[in-house]
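S.K.: Protein sequences, first through last, are from chains A and B.
Per this note's numbering, the first sequence starts with residue 3, numbered consecutively.
Per this note's numbering, the second sequence starts with residue 3, numbered consecutively.
Possibly wrong hints are sitting among the right ones.
No copy labels: a pair is met if it fits in one copy or bridges any two.
Claimed, not checked - Once the Cα atoms are required to be at most 30 Å apart in a straight line, the calculated BS3-like pairs of lysine-lysine come out as:
{"hint": "1", "residue 1": "K351", "residue 2": "K310"}
{"hint": "2", "residue 1": "K312", "residue 2": "K71"}
{"hint": "3", "residue 1": "K256", "residue 2": "K130"}
{"hint": "4", "residue 1": "K33", "residue 2": "K130"}
{"hint": "5", "residue 1": "K347", "residue 2": "K310"}
{"hint": "6", "residue 1": "K33", "residue 2": "K310"}
{"hint": "7", "residue 1": "K162", "residue 2": "K178"}
{"hint": "8", "residue 1": "K79", "residue 2": "K130"}
{"hint": "9", "residue 1": "K137", "residue 2": "K79"}
{"hint": "10", "residue 1": "K312", "residue 2": "K347"}
{"hint": "11", "residue 1": "K353", "residue 2": "K312"}
{"hint": "12", "residue 1": "K33", "residue 2": "K312"}
{"hint": "13", "residue 1": "K178", "residue 2": "K217"}
{"hint": "14", "residue 1": "K71", "residue 2": "K353"}
{"hint": "15", "residue 1": "K71", "residue 2": "K130"}
{"hint": "16", "residue 1": "K178", "residue 2": "K121"}
No wet-lab data here; the hints were simulated from the structure.
Protein chains: 2
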Amino acid sequence: MSHLYGLILAGGRGTRFWPRSRRAQAKQVLKFFGDRSLIQQTVDRLRPVLPPERIWILTNDYLRAEIVKQLPEVPKKQILAEPAQRNTAPAIGLAAHILQSIDPEAVMGVFPADHVIGKPRDYIKLIKPAFKAAKEGKIVVLGIEPRWAETGYGYIEFPKGPGAGGQRPVTSFREKPDAATAAAFLQAGNFYWNAGMFFWKTSVLLGALRQFLPKTATLIAGLPPFSSRQFGAKMVEVFPRCENISIDYAVLEKARNVVGIPAGDIGWNDVGSWNAVYELQHRDANGNALRADTLVVDSGGNYVDGAKSKLIALLGVHDLIVVDTPDALLIADRGRAQQVGDLVKQLEKQKRDDLL
Amino acid sequence: MSHLYGLILAGGRGTRFWPRSRRAQAKQVLKFFGDRSLIQQTVDRLRPVLPPERIWILTNDYLRAEIVKQLPEVPKKQILAEPAQRNTAPAIGLAAHILQSIDPEAVMGVFPADHVIGKPRDYIKLIKPAFKAAKEGKIVVLGIEPRWAETGYGYIEFPKGPGAGGQRPVTSFREKPDAATAAAFLQAGNFYWNAGMFFWKTSVLLGALRQFLPKTATLIAGLPPFSSRQFGAKMVEVFPRCENISIDYAVLEKARNVVGIPAGDIGWNDVGSWNAVYELQHRDANGNALRADTLVVDSGGNYVDGAKSKLIALLGVHDLIVVDTPDALLIADRGRAQQVGDLVKQLEKQKRDDLL
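Isolated chain A, as found in the complex:
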């Protein structure tokens, strides 16, 4: 298919991966699995549909240099730093404007930079029809079959009926549910996780923005084409004035022509915490996942992440997250991995910029 483009959203911080994650080394550029970072793996897995020269990346000033370094195959001018954090609607609108100015027939897919997909071939089998439906003028969203009653994700409701597969209208979008609602969703079988993967023609998306988010749409429409000399300066001026809102709230929940592709098991994982990294790793007979030079005695269920040049010895300890870096060491109960981000908030309060 021609006219296809990928937008990778790579502006997040991933503070739950401190002390490995820092402002200039956020989650998406870290190598948790093998020797390719999450964003490198994202580009790799899209390759059967989107060659690197069709990939565009939106990130921030802290991260851009590292991403440029990690992805030499992606044209440098297509890796852009957002002048301000404005959530997904303005970012996606900006990218749609850019692509529209290059190729009025552009069809774009939006992909998070920091997820894992364990079965990339099955994934590609979903991406192709998603792009096809988008080319036909629809707004397309990928749904992930839920594996537990997660309260941390939004859900996509489909009409009751067959399981995963095919393409179906979306009945509704649901915000992060409470535990009882999440359990009911799981039980019902027609609610899927919203993994932030969307497909549309840039003309369709820009039209939807004009309809549902006119202020931001007008600001973005006022930008010159990407090829213009003034583009960079104008973007820095205009972008911060856009509304701070997600594409889900701004467009998806309101648009009429939304269809979903309910995905079966594609091994999707949003790698939400060190505990997720632990669970995705190979573990030894005692349930230890060891990414360091280690000496382990009577210890189990631990995740250890350190430098190859340093020995980490464990004696009689269990279910710990141990992440050692040159200037900071984290030792956390594995069940508390979600709260690592709170440590970063404390460091921010203490103005420990050296550690952020």
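Guided by the hints, dock chain B onto chain A, whose structure is given.
M.R.: Just chain B now, kept in the frame of chain A:
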């Protein structure tokens, strides 16, 4: 009192303090409490009785340079490296020979380099009569009133009678007891811990060695005086041929003229493991002893030892020993602190000389 000398035995390794302790940074030269190492504190506390120029130190080749650096007040020629590890009897015999060759009236006290004494003034009040009794020709041993039924120390049995204080004949020396025996000792009240502190005239000790350990006594007696040019070379030749035996077995258990000074609470602690270091530290309201730049959330009972230039964050963890050094990190359950030495044995087997 004149003719008094102190011998500090500083040849141990203290592997239970890995990764802080290394061959060239053994327990006795580490700074666990304040900014003076254990051997510096040993010299400091003896000062009211023994000025530094009366202090002699036996150590090994790995440690000598560090001890010379830490104790500039002790004459460098009095800090000697044993040519081989031969336990306490040959070491003490060698020191007695040296002192005898310098001062035939010498009275020597023997002190471990790596203990803590919380009440140094009370301690000095015991040292003075100990030296006095030694000067009168007795072999004197200090006993420490037991605080629990410890199975890791030898015991000194006194005649039943009053508690601590004064000077009394020794009924017997007892090797490390089993738990039931240790409990009986504690219950009986007339058994004291043998802390390895002894006092005698060098002439008396050398006489006892001739009687009870004649081979080693003859070897040592054959050495030239300390002032001789040949002393160093001869010592290197002779010392390794001495018997590998402790002074307790070789002399104390057999000699007739042994008296003991049963000490009350002088705050003695042999600092046997990281857990002892933890217990001797100031702890916060959650029972954490923190010797590092730390960020602590919902964690208690931990000992943390690190560099000031590195943040150590604890989240939801309890009763851990955390010791961070540039090339090795230890995370151990505090109840397993005694077994840290076993980790070092494993490293020795793996020939990880860089970490020993």
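S.K.: Now look at each hint and say whether the structure bears it out.
M.R.: A quick look at each hint next to the structure:
{"no.": "1", "hint": "K351 with K310", "result": "between (32 Å within a copy, 20 Å between copies)"}
{"no.": "2", "hint": "K312 with K71", "result": "both (26 Å within a copy, 28 Å between copies)"}
{"no.": "3", "hint": "K256 with K130", "result": "within (25 Å within a copy, 91 Å between copies)"}
{"no.": "4", "hint": "K33 with K130", "result": "within (28 Å within a copy, 65 Å between copies)"}
{"no.": "5", "hint": "K347 with K310", "result": "both (29 Å within a copy, 21 Å between copies)"}
{"no.": "6", "hint": "K33 with K310", "result": "both (14 Å within a copy, 28 Å between copies)"}
{"no.": "7", "hint": "K162 with K178", "result": "within (20 Å within a copy, 76 Å between copies)"}
{"no.": "8", "hint": "K79 with K130", "result": "within (26 Å within a copy, 83 Å between copies)"}
{"no.": "9", "hint": "K137 with K79", "result": "within (25 Å within a copy, 89 Å between copies)"}
{"no.": "10", "hint": "K312 with K347", "result": "both (28 Å within a copy, 18 Å between copies)"}
{"no.": "11", "hint": "K353 with K312", "result": "both (29 Å within a copy, 15 Å between copies)"}
{"no.": "12", "hint": "K33 with K312", "result": "both (18 Å within a copy, 23 Å between copies)"}
{"no.": "13", "hint": "K178 with K217", "result": "within (27 Å within a copy, 84 Å between copies)"}
{"no.": "14", "hint": "K71 with K353", "result": "within (29 Å within a copy, 39 Å between copies)"}
{"no.": "15", "hint": "K71 with K130", "result": "within (29 Å within a copy, 72 Å between copies)"}
{"no.": "16", "hint": "K178 with K121", "result": "within (26 Å within a copy, 62 Å between copies)"}
In this structure, every one of the numbered hints holds.
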